[in-house]
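Peer 1: Sequence:
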Amino acid sequence: MGNCFSDVPGGRAAIGGTARGLLNAIDAPNDAVDNFLRSRGYHGLFSQIELSFSASGLRDRDFLSKSDPMMVLYTRGKHGALEEIGRTEVVLNSLDPKWITKHLIMYHFEVVQFLVFRVYDVDTQFHNLDVKMLKLEEQQFLGEATCALSEIIIKSDRSLALELRREDPIRSMHSQNCGKLLVHAEECVGSKTTVELIFRCSDLENRDLFSKDPFLIISKLVEGGTHIPICKTEVIKNDLSPQWKPVFLNIQQVGGKDNPLILECYNFNTNGKHDLIGKVQKSLAELEKLHASGQGETLFLPTGGGHNSHNKVLKSRVYLDKFSESVQYSFLDYLSAGFELNFMVAIDFTASNGNPRLPDSLHYIDPSGRPNAYQKAIVEVGEVLQFYDSDKRFPTWGFGARPIDGPVSHCFNLNGSSHYCEVEGIQGIMMAYTSALLNVSLAGPTLFGPVISNAALIASQSVATGARKYFVLLIITDGVVTDLQETKDALVKASDLPLSILIVGVGGADFKEMEILDADKGERLESSFGRVASRDIVQFVPFRDVQSGEISVVQALLAELPTQFLSYMRNRNIQPTL
Numbered sequence: 007m008g009n010c011f012s013d014v015p016g017g018r019a020a021i022g023g024t025a026r027g028l029l030n031a032i033d034a035p036n037d038a039v040d041n042f043l044r045s046r047g048y049h050g051l052f053s054q055i056e057l058s059f060s061a062s063g064l065r066d067r068d069f070l071s072k073s074d075p076m077m078v079l080y081t082r083g084k085h086g087a088l089e090e091i092g093r094t095e096v097v098l099n100s101l102d103p104k105w106i107t108k109h110l111i112m113y114h115f116e117v118v119q120f121l122v123f124r125v126y127d128v129d130t131q132f133h134n135l136d137v138k139m140l141k142l143e144e145q146q147f148l149g150e151a152t153c154a155l156s157e158i159i160i161k162s163d164r165s166l167a168l169e170l171r172r173e174d175p176i177r178s179m180h181s182q183n184c185g186k187l188l189v190h191a192e193e194c195v196g197s198k199t200t201v202e203l204i205f206r207c208s209d210l211e212n213r214d215l216f217s218k219d220p221f222l223i224i225s226k227l228v229e230g231g232t233h234i235p236i237c238k239t240e241v242i243k244n245d246l247s248p249q250w251k252p253v254f255l256n257i258q259q260v261g262g263k264d265n266p267l268i269l270e271c272y273n274f275n276t277n278g279k280h281d282l283i284g285k286v287q288k289s290l291a292e293l294e295k296l297h298a299s300g301q302g303e304t305l306f307l308p309t310g311g312g313h314n315s316h317n318k319v320l321k322s323r324v325y326l327d328k329f330s331e332s333v334q335y336s337f338l339d340y341l342s343a344g345f346e347l348n349f350m351v352a353i354d355f356t357a358s359n360g361n362p363r364l365p366d367s368l369h370y371i372d373p374s375g376r377p378n379a380y381q382k383a384i385v386e387v388g389e390v391l392q393f394y395d396s397d398k399r400f401p402t403w404g405f406g407a408r409p410i411d412g413p414v415s416h417c418f419n420l421n422g423s424s425h426y427c428e429v430e431g432i433q434g435i436m437m438a439y440t441s442a443l444l445n446v447s448l449a450g451p452t453l454f455g456p457v458i459s460n461a462a463l464i465a466s467q468s469v470a471t472g473a474r475k476y477f478v479l480l481i482i483t484d485g486v487v488t489d490l491q492e493t494k495d496a497l498v499k500a501s502d503l504p505l506s507i508l509i510v511g512v513g514g515a516d517f518k519e520m521e522i523l524d525a526d527k528g529e530r531l532e533s534s535f536g537r538v539a540s541r542d543i544v545q546f547v548p549f550r551d552v553q554s555g556e557i558s559v560v561q562a563l564l565a566e567l568p569t570q571f572l573s574y575m576r577n578r579n580i581q582p583t584l
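Under our numbering, residues 7 to 584 are what the sequence shown spells out, in order.
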C-alpha cells in the first residue's frame, strides 16, 4: 500500500519537489510520494517476497548416515542464464529438511520470473565452511526443480510442491524422481492500515500581496530532528481558509500512530521560494483526537535562530474534517484469495496491414519462424497473463476483415467458429491467427467499438455470476481508429466493469490521435451522452518504441494492470476473502 496518495484525480496534483529544491512548480509530479508509490507498486508492482523452503523424501547419498542437504536458489534470465540468489544452511543427517534460511526476491508482475532450485548433499569435510564458500562441483547433486514465481503466489496458501528431478545417467532421455521440494512465499509488507485525512485551515497569514495559494507538507520526524517529507497536498488558489482534498498515509511508513509528524503550511510562489505561513507538530494519534474534538489547532511560526529561536503563535488554525482508518489489501492478497486475470485478444485485419503473402506486410508469416509484430505482442503479453488464468481459454477475435463469401466483420471469432470465441492457450491464439490469415480477406475500416463491447459483455456476465475475474483485452492495430466517438462510448461504459484494455500500435502509422484514449495523457474520457469514465482502463503504446533489453514496452504496459485492478476492487469495496 502506498504512503500518500489520492484516488481523487485532483487530489494527487501537488507541489513538485526534490531533495535539492524542496518545492518548485505548481501541479508538477509529487516526487517524494511518487517514488514511494513506485516502490510499493503503484507504477508497476514491485513487491518483496520472502521464500522459505523444505523438502521430503530426498535420496540418501551417504553410507553411514543420511544426507546433509543444502538448497541453492537461482533465477533464470531471458536467455536461460542462471543467476544465484542465495543458499540455505546445511541441515545435518536429514532426508526431510526444513531450512531456516529465507531468501528475498522482488516480484515483478509484468515479466515471467523463472526460479531454479538445486539441492546438494554437502560432504562432511566441508561442514565447517561458510555455505557461500562451498564449491558446488565438490558436493553431491540431489535434484533440481523449477517454476515461475507467479505459480507460487497465486496459490491460496502461497505454497507450491515441486518434484525434484535429476538426469538418469543410464537413460539420458529420462530423469529420476528425487523427492519433493515445498516452496512457501510471504509478501513482505508492514501495516496495511491506511489513514484518510482531510485538512482545513482558517485565517492563514497573508504574507504575499500577489498570491494567496496555500498547500500543506506533512513530514515525519526522525532521530536527530530531521524532517522527511512524506506527503503533499495540492495548491488551493486564492484562499486563506482552504480545505484540501483527501490524503492517505500508510501507518507503516509514518512509523506508527504515536510518531511525531510535522505539518507545514506554505504559500506557493512560482519562483520556487515558497513562504512558510504556519506549522504544527502532531502524531496520528493526536490528529485522531483533534478530529474527534472538532476543534482546531493553532499554528505557529519559528522566529529567530539558534539559541534565540522561539515560536510565534498565530491566529491561523488547522482542522481535521476527516480521520478514517481502513485496511488496504494488496494485489497479491487478491491473487491468493482466488481472483484471476483473464486474457482476451483482438487483432486488426484491415487492408492497410498489406498483403500477408508479401514480406513487407505486417501480417507476413516468416518461414524461418521469426515472429511478426502481432505475434510478438501476443506472446509478450500472453506469456505473463497465462499464469493468472486457471483454464487458459482465451477469447480471441479479429476485426476489419471479410470472411470467405461474407460481408466485412468488425468482430469475428478468430477460431472460425460461429458459436464460441475461445482458444486453448497462447499456442491456440497463434494457430487461430495463422489460420485466419488464410481464410479472410483484409478490408476495413478500423473500428474498435464492436470488440470492446464484446469484451465488456463477457466482463458484465462474469460480474452477474459473482465470478472472481478481472479481464484484460489486448487490441493490436496498425492504424488510427475511425470510430473514435463510438470507441469512447464503449470505453466509458466499460470503465465500470472489471476490464482493462491494452492497445498496441504496430507499423509506421502516426498514432498521436490514439493517445486521446489513454487518460494518462489527458482528461478522463467522456461519452457522447456527457458521461465521464469512472476510471482509466486504457493503456496505449506504439510497438516500434520497443528498445533492446529485458523488458519490452509492451510488458512495461502490463506494470499498470495491478493498479487498475486494485482501483476497481477498492472503489467497489471488494475484499479478498477466501
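Mixed in with the good hints there might be a few duds.
[Said to hold, decoys possible] What follows is a set of in silico ranges between Cβ atoms, one per label pair, in the way DEER data are often shown:
| id | residue 1 | residue 2 | range |
| --- | --- | --- | --- |
| 1 | K104 | A473 | 47 to 57 Å |
| 2 | M139 | S441 | 16 to 26 Å |
| 3 | P377 | K279 | 53 to 63 Å |
| 4 | M139 | P377 | 36 to 46 Å |
[Claimed, not checked] Here are the simulated lysine-lysine pairs, BS3-like style, with alpha carbons at most 27 Å apart:
| id | residue 1 | residue 2 |
| --- | --- | --- |
| 5 | K243 | K198 |
| 6 | K72 | K161 |
| 7 | K84 | K328 |
| 8 | K72 | K218 |
| 9 | K263 | K328 |
| 10 | K318 | K243 |
| 11 | K295 | K321 |
| 12 | K328 | K279 |
| 13 | K72 | K198 |
| 14 | K72 | K108 |
| 15 | K218 | K186 |
| 16 | K279 | K321 |
| 17 | K138 | K186 |
| 18 | K263 | K251 |
| 19 | K318 | K218 |
| 20 | K398 | K161 |
| 21 | K138 | K72 |
| 22 | K321 | K251 |
| 23 | K186 | K243 |
| 24 | K138 | K161 |
| 25 | K84 | K138 |
| 26 | K382 | K328 |
None of these hints come from the bench; they were simulated from the model.
Note that the Cβ used here is the ideal one computed from N, Cα and C, for glycine as well.
Peer 1: Now, for every hint given, state plainly whether the structure supports it.
Peer 2: Going through the hints against the structure:
no.	hint	in the structure
1	K104 <-> A473: 47 to 57 Å	37 Å, violated
2	M139 <-> S441: 16 to 26 Å	57 Å, violated
3	P377 <-> K279: 53 to 63 Å	55 Å, holds
4	M139 <-> P377: 36 to 46 Å	45 Å, holds
5	K243 <-> K198	34 Å, violated
6	K72 <-> K161	32 Å, violated
7	K84 <-> K328	49 Å, violated
8	K72 <-> K218	78 Å, violated
9	K263 <-> K328	16 Å, holds
10	K318 <-> K243	25 Å, holds
11	K295 <-> K321	21 Å, holds
12	K328 <-> K279	30 Å, violated
13	K72 <-> K198	44 Å, violated
14	K72 <-> K108	23 Å, holds
15	K218 <-> K186	68 Å, violated
16	K279 <-> K321	23 Å, holds
17	K138 <-> K186	24 Å, holds
18	K263 <-> K251	21 Å, holds
19	K318 <-> K218	20 Å, holds
20	K398 <-> K161	16 Å, holds
21	K138 <-> K72	22 Å, holds
22	K321 <-> K251	23 Å, holds
23	K186 <-> K243	64 Å, violated
24	K138 <-> K161	31 Å, violated
25	K84 <-> K138	25 Å, holds
26	K382 <-> K328	49 Å, violated
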